[in-house]
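Chemist: Listed below are the residues making up each chain.
2 protein chains.
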Amino acid sequence: MVNRIKDFDELCLKAVEKAKQHEPLKLALACADDPYGLSALCKAADMKLIVPILVGDTAEIERIASEHNIDISPFEIVEEKQPHRAAAEAANMVASGQVELLMKGKVGAIEFLQAALHSSVGLKKDKRLWSHIGIYWPQWLSRFIMITDGGVVIDPDLETIPHIISNAVQVAGVLGIEQPRVALLAAVETVYPSMPVAMGGAVISKMADRGQIKNALVDGPLSLDVALSPDAAREKKVTGDVAGRADILVVNKIEVGNTLCKSVFIFGRARSAGLVVGARQPIIMSSRSESADAKVNSIALAVLLAER
Amino acid sequence: MVNRIKDFDELCLKAVEKAKQHEPLKLALACADDPYGLSALCKAADMKLIVPILVGDTAEIERIASEHNIDISPFEIVEEKQPHRAAAEAANMVASGQVELLMKGKVGAIEFLQAALHSSVGLKKDKRLWSHIGIYWPQWLSRFIMITDGGVVIDPDLETIPHIISNAVQVAGVLGIEQPRVALLAAVETVYPSMPVAMGGAVISKMADRGQIKNALVDGPLSLDVALSPDAAREKKVTGDVAGRADILVVNKIEVGNTLCKSVFIFGRARSAGLVVGARQPIIMSSRSESADAKVNSIALAVLLAER
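If you read the sequences in order, they're chains A and B. Under full-length UniProt numbering, read the first sequence as residues 1 to 308, first letter to last. Under full-length UniProt numbering, read the second sequence as residues 1 to 308, first letter to last.
Some clues are possibly wrong.
Pairs involving identical chains hold if they fit within one copy or between any two copies, as the list cannot separate such chains.
As the list claims (entries may be wrong) - Below, computed lysine to any residue pairings styled on SDA-like, alpha-carbon distance capped at 20 Å:
1. Lys-18 x Asn-3
2. Lys-20 x Ser-194
3. Lys-124 x Arg-308
4. Lys-18 x Asp-7
5. Lys-214 x Ile-177
6. Lys-214 x Glu-159
7. Lys-18 x Gln-170
8. Lys-237 x His-68
9. Lys-206 x Leu-217
10. Lys-127 x Thr-160
11. Lys-6 x Val-174
12. Lys-214 x Leu-305
13. Lys-237 x Glu-67
Honestly, the hints are just simulated from the structure, not real lab data. A quick note: this is a predicted structure, and the numbers were derived from the prediction, not measured.
Bound conformation, chain A alone:
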């Protein structure tokens, strides 16, 4: 029986403990002219979680660091002025084994992922799907919830969603959540044949019932209130293992996931982390508008997930 990790503070402590047992992992920050990214790296380096390497436009990186009073003098910088080339260079450093972890800096998610996916065959892990997982600890809920996919897979079909779930279940394991409760989100709980999302929820739940999705309790369609609030589940008379207690929220379109992730951190003032999972090593990718705290949390989670 694994203990559930209580919150992001405990997560960071666990990562520090794990990092002590090995050589620290090297982390390449792609497009490092990013104040939140740089201050997160400083903190993570102080915690001895990782050794940072900054990839990007040296002059701009130094300007940003000085503007925000961030001391980057101990860090190696790899010069690459063009953002897409900086992203590709950072990805290649991971693919070639020169560094272990890849992190997105001040570059759009799509540009960053294209660089990572196209430039670095070495980052691929068998045929695993890459998917984004947002991890949140909203104040009113006082526990972790995970949202997937709001950052990588644009329009997953019914073959793809089970892979997205498997990736999230792996991350849940690191949080100490065995048999996570997975809600397939929709606007309704009733299965209306006219609503493809509701139909998809029904199909995927039944796949899980038949053992086609492992190590998770899966149910859907569920709307957000019923997935998270025991009161709403009771009010709408929805029963089952997941209603009111979901750990993982799975969406069927990137717009739903992206909007929900941002809504949780904007409206819920939630502490957060964000990773892309399914590559040889986890890729650290939280939104550019998320805080340094979110980026430190993401690094800690990546350290716990990383293979040695």
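Since chain A is already given, all that's left is putting chain B on it; use the hints.
Modeler: Frame of chain A; chain B shown alone:
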């Protein structure tokens, strides 16, 4: 120059002022065995906003009222045991002019709307589209935002979205928001031809530039953080009239709108209201899991929007 309404308290005061000038409107609650709905009606009746009529299973309505200590003795009850027939009966009472306002009680949104749409030709207003608008006042933002459509139109196309926007602009007018700023939500700000939502955002913005959408400033694609947060807009270098200041958030799929609405009230602890607009009179339809406060706010807004 109309003054912006500050918050829901001011909205309710305005509605009370308006109600004083006329005979109070009669409101039919469809499937009235709904504790939140009944306590909202009591409060709204005390405020002299409306005169309630309860439609549904009398025994069940009386049981729920007594269980929750709600005094419904002054209200008329129209007996109709079956939920879909109660919804149809309530809609017919509006269609025939017997009452002015229709409100959803303890019945699913789709069942309720089917009854309203199919049973009551008299509720139709020309060929106007019916759409759902969620109105929120999240604490961190300290102003109104509106989300549409998370409750009626499942999968609007590019012909439909301008009508959804027009309906929301009408509600914004009642809140004193002239020329509301309308964000077409997506997961990105860049127009990627591979993402239909981003393409749609570009098309609709240009329609607005050409004067095809009136009385609003429209921009998209915008992701949620850039739409609402001036910091995120600055960080991501997105300019224009809407970024960081959106009043109305428009989504392209009911799942996005529904999840976002629920996220704002769950995570943002937002005060809220919910209406369907486009019928001859506004229809009061907030989620069953929303509070009595939300339902009173919705009634107040409906009173301000209602035609006499």
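Chemist: Compare the structure with each hint and give your call.
Modeler: Hint check results:
1. Lys-18 x Asn-3: within (16 Å within a copy, 58 Å between copies)
2. Lys-20 x Ser-194: neither (54 Å within a copy, 44 Å between copies)
3. Lys-124 x Arg-308: within (16 Å within a copy, 65 Å between copies)
4. Lys-18 x Asp-7: within (17 Å within a copy, 50 Å between copies)
5. Lys-214 x Ile-177: within (14 Å within a copy, 51 Å between copies)
6. Lys-214 x Glu-159: within (15 Å within a copy, 43 Å between copies)
7. Lys-18 x Gln-170: Close inside one copy (18 Å), not across copies (57 Å); limit 20 Å.
8. Lys-237 x His-68: between (52 Å within a copy, 18 Å between copies)
9. Lys-206 x Leu-217: So Lys-206 and Leu-217 pass the 20 Å test inside one copy only (11 Å; across, 45 Å).
10. Lys-127 x Thr-160: within (12 Å within a copy, 40 Å between copies)
11. Lys-6 x Val-174: Only inside one copy: Lys-6 and Val-174 sit 12 Å apart there, 46 Å across copies, limit 20 Å.
12. Lys-214 x Leu-305: The answer is within: 19 Å in one copy meets 20 Å, while 52 Å across copies does not.
13. Lys-237 x Glu-67: Between copies only: 18 Å across, 55 Å inside.
Figure legend: structure checked against the earlier numbered hints; the only hint not met is number 2.
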